[in-house]
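Listed in order, the protein sequences are those of chains G and D.
Here the first sequence is numbered in this note's numbering, starting from 1 and rising by one per residue.
Here the second sequence is numbered in this note's numbering, starting from 1001 and rising by one per residue.
In case anyone wonders, no lab produced these hints; they're calculated from the structure.
Where hints are given, some of them may not hold.
Stated by the list, open to error - Once the Cα atoms are required to be at most 30 Å apart in a straight line, the calculated DSS-like pairs of lysine-lysine come out as:
| hint | chain 1 | residue 1 | chain 2 | residue 2 |
| --- | --- | --- | --- | --- |
| 1 | D | 1160 | D | 1076 |
| 2 | G | 250 | G | 108 |
| 3 | D | 1102 | G | 16 |
| 4 | G | 18 | D | 1275 |
| 5 | G | 247 | D | 1131 |
| 6 | G | 94 | D | 1199 |
| 7 | D | 1263 | G | 221 |
| 8 | G | 250 | D | 1002 |
| 9 | G | 247 | D | 1186 |
| 10 | D | 1186 | D | 1102 |
| 11 | D | 1102 | G | 250 |
| 12 | G | 252 | D | 1292 |
| 13 | G | 250 | D | 1245 |
| 14 | D | 1076 | G | 252 |
| 15 | G | 108 | G | 16 |
| 16 | D | 1186 | G | 250 |
| 17 | G | 247 | D | 1275 |
| 18 | G | 252 | D | 1245 |
| 19 | G | 247 | D | 1264 |
| 20 | G | 16 | D | 1264 |
| 21 | G | 252 | D | 1264 |
| 22 | D | 1002 | G | 94 |
| 23 | D | 1245 | G | 247 |
| 24 | D | 1160 | G | 227 |
Chain residues, written in single-letter form:
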Amino acid sequence: MKILVCIKQVPDMESKFKVDESGTWYAKTDLAWRMNEYDEYAVEQAVQLKEQCKEGDITVLCIGSDQVKETMKKSLAMGCDRGAHIKDDEASGKEPFEIAGVIAEFAKDKDFELIFTGMQSQDRGSGQVGILVGEMLGIPSVSTVVEFSYEGGTLDLKRELEGGIKACVKVSSPAVITCQLGLNTPRYPTLPNIMKAKKKELLSIDIGDLLRVEPRQETMKMYFPEKKGGGLVLEGEAADLADQLIKILKEKTGVLA
Amino acid sequence: MKLLLIAESREGKLLGGSYELMAFAQELGAETAMFLVGSEADLPKYDGTLYLADVADAGEYNPEAHRALILDVIDKEKPDSVVFCHSSYGWDLAPRLAYTLKAAQISEVVGVADGNMVVPVCNSKLRREVKAGTAQTVITLQNGAFGLAEDPAGTPTVEKISGGTGTVIEFSGFELAEAGGVDLAKAQVIVSAGRGIGKPENVALIEGLAKALGGEYGASRPVVDSDWVEHNRQVGTTGQTVTPKLYVACGISGAIQHLAGMKKSEFIVAVNTDKDAPIGEVADVLVVADLKQFVPVLTEKIQAL
Ligand SMILES: Cc1cc2nc3c(=O)[nH]c(=O)nc-3n(C[C@H](O)[C@H](O)[C@H](O)COP(=O)(O)OP(=O)(O)OC[C@H]3O[C@@H](n4cnc5c(N)ncnc54)[C@H](O)[C@@H]3O)c2cc1C
């Protein structure tokens, strides 16, 4: 079984962000980078499926500058078999339709039985790429999956809805699955597997070879939201902070009365 | 400008997000028509044409069929934009429709500025203004970003539609969230643990503060996904919605899906090491501190009162 997993490298969301000189994206300097959280579930599910079937070949795809190879190595250490690095220094400016177009172009003649993506990225958060890939390849896609089981080409899935309700759906492969938090427990790569990953194949493909679609939207501006204010910010030493907070709670809420 | 609003229902019940679509249309001063796969027994309060497909025929989750039905309505109404809620229904269906329409899709819109759509970036730490390059667009709206100023009123002119089919994805029913356990909705005080607690042992700190304040403890999703706290204590869109007198968010960044479950609390305190964490937007007091140091000290002082 051939499996494709699509991952993205994103900044740690606790980073201190700045807007870059163009005024249309965040500055990429002084940030810690990691695998998009949703994609960790996608990688894990692909690896679990291979383990279940006792055979399989997992390609992990990532679009970005050379820096994304670090994140790709983590997914190789988690159990993917090879990497396809689509080299693009301008990846952050690409909108979901372009990203999906590149993935579909890569995948179109490779007979992947399953394609896993995260349900969204933590930075853009558009939630479009996985579904668009399915549309472009003409195969079904199911989004926001929190339970997955595979048996002889049939997928039993649960989609998560609001309020913790789940929708039970069945679909046949080939298919695209977009993974939601909690789908599984992503493994930590072990040291031997990190060593093994270093020897795994990492193909490099130029974005120009795969980008065949035109963008349909453009970012005009990026900025920090206006602070609505009102909120009090307390800083200092723990005991002092506790005294201040208790005073406020006594004054403003009935809780400590 | 004309918008086609895609309302939502589940098991025949209209979902509240449908009114946020109307609020968005009002803000733009746009003409509207509405589409709903639902039931005649629960129609939106809306003055306008409602294209209604019966959920018994079109299915609860059948994106192929729903897309086909919407495309028929688009043919008739020729809207400039098709507007969905950014919900499990909307974010699943919108890209499929946008693909067929060859339209730009702009996700999770929170506002409009100079004719461009404003969307959040990086857990709402930043905003982005997006301009569509296609004449027709598909838009999804962030949960709670638009609200009607007045209670909705009106009676739709219902036009029944049918005909969508879809066979690729087979929907076999809903599974409800586990019932039982604590009823957070009844608690006057809730202290919640976020990923910032670092390890499961620290749930005890949060529980201890909750007890000292005479309340219950809750959690954000990652803490529940890691099985550190049971699901019925999760606060947010895929957990519970709570409105206690006091909500204390410890080590919680303030993602929109968490805020949706607690931002109507009467008084909100956040404890976070990151002064810029988005939880600061809704907090009455943001204590910039390491919860592992601060929470035990606070608990002790409250116990000593
Ligand atoms: C469809 C969908 C539905 C979702 N539903 C929900 C839901 O119902 N509920 C929910 O909560 N989430 C939900 N999420 C997930 C949500 O998007 C966030 O990922 C989640 O809320 C983040 O949880 P967190 O704030 O605990 O963790 P993080 O975002 O990782 O934040 C951790 C915070 O802790 C702070 N911190 C770290 N160390 C310390 C310390 N020592 N002391 C103090 N502060 C510290 C950090 O500065 C940071 O702000 C949903 C997501 C999706 C896509």
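**Request:** Please name the hints from earlier in the document that this structure breaks, with their numbers sorted from lowest to highest.
**Result:** 2, 3, 5, 6, 8, 10, 11, 14, 15, 24
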